[in-house]
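Sequence lines, in order, name chains W and X.
Going left to right, the first sequence walks through residues 1 to 687 as the numbering used here numbers them.
Going left to right, the second sequence walks through residues 688 to 1003 as the numbering used here numbers them.
One should not assume that every hint holds.
Quick look at which bits of chain W chain X covers, simulated, 3 or more residues with Cβ under 8 Å [stated by the list, open to error]:
{"hint": "1", "region": "522-536"}
{"hint": "2", "region": "559-565"}
{"hint": "3", "region": "569-578"}
The following residues of chain X were derived to be distant from chain W, with all beta-carbon distances above 12 Å [unchecked claim]:
{"hint": "4", "residue": "ALA895"}
{"hint": "5", "residue": "SER907"}
{"hint": "6", "residue": "PRO923"}
{"hint": "7", "residue": "ALA929"}
{"hint": "8", "residue": "ALA976"}
No lab work stands behind these hints, which were simulated from the structure alone.
Just so you know, even glycine gets a beta-carbon here, dropped at the ideal spot from N, CA and C.
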Amino acid sequence: MSDAPPARLPERDRPWMMRTYAGHSDARRSNELYRRNLEKGQTGLSVAFDLPTQTGYDPDDELARGEVGKVGVSIAHIGDMRTLLDGIPLGEMNTSMTINATAAWLLALYIVAAEGQGVPEAELQGTTQNDILKEYLSRGTYAFPPGPSMRLIADTIAYAVAHVPRWNPINICSYHLQEAGATPVQEIAYAMSNAIAVLDAVRERVDAELMASVFGRISFFVNAGVRFVEEHAKLRAMAQLWDELGRDRYEVADERLRRFRYGVQVNSLGLTEAQPENNVYRIALEALAVTLGRSARARALQLPAWNEALGLPRPFDQQWSLRLQQILAYETDLLEYPDIFDGSLVMERLVAELVEGARAEMARVAELGGAVAAVGEMKASLVESHRQRLRAIESGELTVVGVNRFQSSEPSPLTADANGGITVVDPELEAELRAAVAGWRTERDDGPVSEALAQLATAARDPSQNIMPASIAAARAGVTTGEWARTLREAFGSYRAPTGVGEGAVAAGGDLEALRDEVERVSDELGRRLKFLVGKPGLDGHSNGAEQIAVRARDAGMDVVYEGIRLTPSQIASSAAQEGVHVIGLSILSGSHAELIPAVLRALAQAGVADVPVVAGGIIPEADADALRELGVAAVYTPKDWELNRMLADIVALVGERAGAGAGASGSAGAGAGGSASADADAGGAP
Amino acid sequence: MDGGELAVRLRARDHGAAAAVLNLVENRTPPARAAAAELLRDLSPAALGGEPAAHVVGVTGPPGVGKSSLLSRLIAEWRSQDRSVAVLAVDPSSRGSGGALLGDRARIEHDPADERVFIRSTASGGRLGGVAPATRAAAAALAAAFDVVVIETVGVGQSETDVADIADTVAVIVQPGSGDVLQFLKAGIMEVPDVLVVTKSDLGGAAARALADVRSALASLRDGDIPALAVSCLAPPTGIAALVTALDAHRAGIDLADRRIRGRRRQALREFAAEHGERGVRALGGQRAVERWLDARDPGLDVAALVDALERAAGA
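Turn these sequences into a full structure, and let the hints steer you where they fit.
Laid out in structure tokens, this is it:
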């Protein structure tokens, strides 16, 4: 047994970097939160930006309404970035920024803020997520079309490799693919295909001799679900494929530069609203998936809070998750051993199985022309996988404790306080930030701003230029996030990603038969097929739920109008009126339901279709649900309503009731719009 | 449900009535059908004293060629000329369940606040990709109120033939690198388009080759007077104004009344045959006899009235 590795490491390993995905409201409040988190033993920062910042709108933009400071911090200009990082030593800190479409801009702001602290850009450490393909596939915070977006990514990578060498300019995300329903094989294959697309784009923009360091700067952001043994195998499979890719496709000779480096946020998809305390265990097991084996251990870890399916977690909830990491790293013996799966036949086979499956899937993507060209197909496959997962939960084939098994529970003391155990963002905040950004614009010196924007526009229109120098100059001049993004939008054009619905096969009858009969019956009563509008108002890009509802409603026999994410209330109202729908379902997961749903109701009234019933779904606390019902929302659904068929049966019954009660419902939609029912018909009656 | 009142609104060019018109013509209950018949009668050329002035444009082509992007640009161009536009998008996605996911609306960029743009998606239902009777009725009705009525269909085959009978001008859309349409044209499966559009001209060489191929195929088919145009819908779009000019030129060059009358008669025959089968047609003396019989009808009758007359003749 002389070849066997020693059972113990000579020296205990250093723990991974511990972070908490955090940020809310404004820069000042988030800065206070970060300082407290660092005091508690957190070793890196993970900045959550609000949706307007992520999609490139200022707080006072019409599209930002209801979203300012909600899912993260609002950063509108260099002043905000300085406040956010005030007192945090940027020369030592390692900061991860969850930012994609506007990554080049936030990196520019970070560089200029560091300059203010006297820290040169070459010393900065951290990560910009900067992965646009998964935004098209799952997360939805894209701003520009695929071509220009890939160029922005290539620009930031090329700039970072040359000027900010310790920065990870991109984190290829498989995390959100799993959230969108990806199987382990899909998660591996799509992430690798995505990385290939990025590397190929960079290869065209940097010198050949830099490619090895480019490869070495690419890191990943993965997910870990509760099937933690297979999940661990998944990470080993990714490490193997990444090493091969570096060696064979990009000819990276240095083994160290081919190492698979990844950070993790463990699974949120599997967190339940029912018996939310159980999520603590799920999170702990998922943390094991990414830490157990030394050869595929995460470099950085952030854990969700137990109550994410209920609303925004409080600092206490996040601290609870940080403590889990600390126990795992400092109390257990995990870090004392070499890789504990080394030599395990079961693990080897699992990995081989996943690698083989992923290779086949990668070949399919390559055949379609690579990850950029295959976005539509990948999206459709994800929607299909997610659909199968939900069906398995509904049928009981897949057990979710507290949801479809072992449901009986004592009342929970954890959610008993007035807000149900979540954070509520100050509703006055948005007005404050609107005023603040307007104030910033009046107080700054306009000359340098116009000049910087003109240079940015020139750089954007000239693909041979790198966008970073002009963005850094714009950050210094006091340009706002909205101005930076608008300049690029004007140069690049707009884009809507494929919805992924519509291509999938219809589910076999089975448990759908009763629902289909009911849809048929109500449709006959209506005189035409029941038509259902599924709408996602606001900037929230989490469309998985809406997509599943749309697909299932189609499978149940309805005509479904689904237009994808980021719709304004007036767009939804106009669609409802013109399409003559019988019912409207709105899905919002960003917490902005209290602003957006009433805005949609007002727009519907204006379009003359106030009589069309509206139901809402999302992460909606009970108190808010009551308020919405009072405004006339017919039903409110939350993650605890996991039985799609039951939800749809409710909706069909709702339409049936209204059809029975109000005669002539089909003639009323749209009749009120326009209005000029002038009796003066033109001449030319019957000959 | 008052078909007469809706007809009055359309004749007064009240675009806000469009949604209610669609709700009505899609409705299969007996009272709705009666009201729809009244609506169509009140808007028939006989009632209007002539053909409605709208330009009815068919836009058809295989999936993925960029029809929706093209329509987004066309709508912008028509609106810049202050023309009102109604788009009837026929979605083929209806499946075994009977339900459909209607996705076209999402892909067609338009200003939701602009009341002079109307977009409605309809499932093709059991018509195998063909145009639903409701869409045909809607096109006839909306032609009284809108300047342009577009019928968008996917694919080639049944739907393309249907569209040719409804539209004044049919634009067939193809993309570079796909030989299907050329094959269809050469094999005579596809009726000859009035205007052929090659999208994605930003692709450069491939698009130029596709355009040259299409032109030579068209030249061998007819007198070579079918325009073939290249467009790009990416920012900044190119070729859109030229396409609108070509569509307008086609419309100006045809005998509009003649084309529409023949279209209505063919639709009536097809609808009658769909409903009553070959036996029904034989009862009237066969296809050619029915055609001759239809030719003798009042040219101002709408399709529903023609079908009605056929049914009465067959029953008698």
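Say whether it holds or is violated: ALA929 of chain X keeps its Cβ farther than 12 Å from all Cβ of chain W. holds (20 Å)
Assertion that ALA976 of chain X lies farther than 12 Å from chain W (Cβ): Label holds. Min Cβ-Cβ 27 Å, cutoff 12 Å.
Take the region 569-578 of chain W, compare each residue's beta carbon with every beta carbon of chain X, and decide whether three or more fall closer than 8 Å. holds (count 7)
Beyond 12 Å from every chain W Cβ: check whether that's true for SER907 of chain X. At about 32 Å from chain W, SER907 of chain X clears the 12 Å cut-off, so the statement holds.
Taking the shortest Cβ-to-Cβ distance between ALA895 of chain X and chain W, state whether it exceeds 12 Å. The claim holds: ALA895 of chain X sits with its nearest Cβ about 20 Å from chain W, beyond 12 Å.
Are all C-beta atoms of chain W more than 12 Å from that of PRO923 of chain X? The assertion about PRO923 of chain X is violated, with a minimum of 8 Å to chain W.
Please check whether the region 522-536 of chain W has three or more residues whose CB lies within less than 8 Å of a CB on chain X. With 4 residues in contact (Cβ-Cβ under 8 Å with chain X), the coverage given for the region 522-536 of chain W holds.
Taking 8 Å as the Cβ threshold, is the statement that the region 559-565 of chain W is covered by chain X upheld or broken by the three-residue rule? holds (count 6)
In summary, the one numbered hint that this structure violates is 6.
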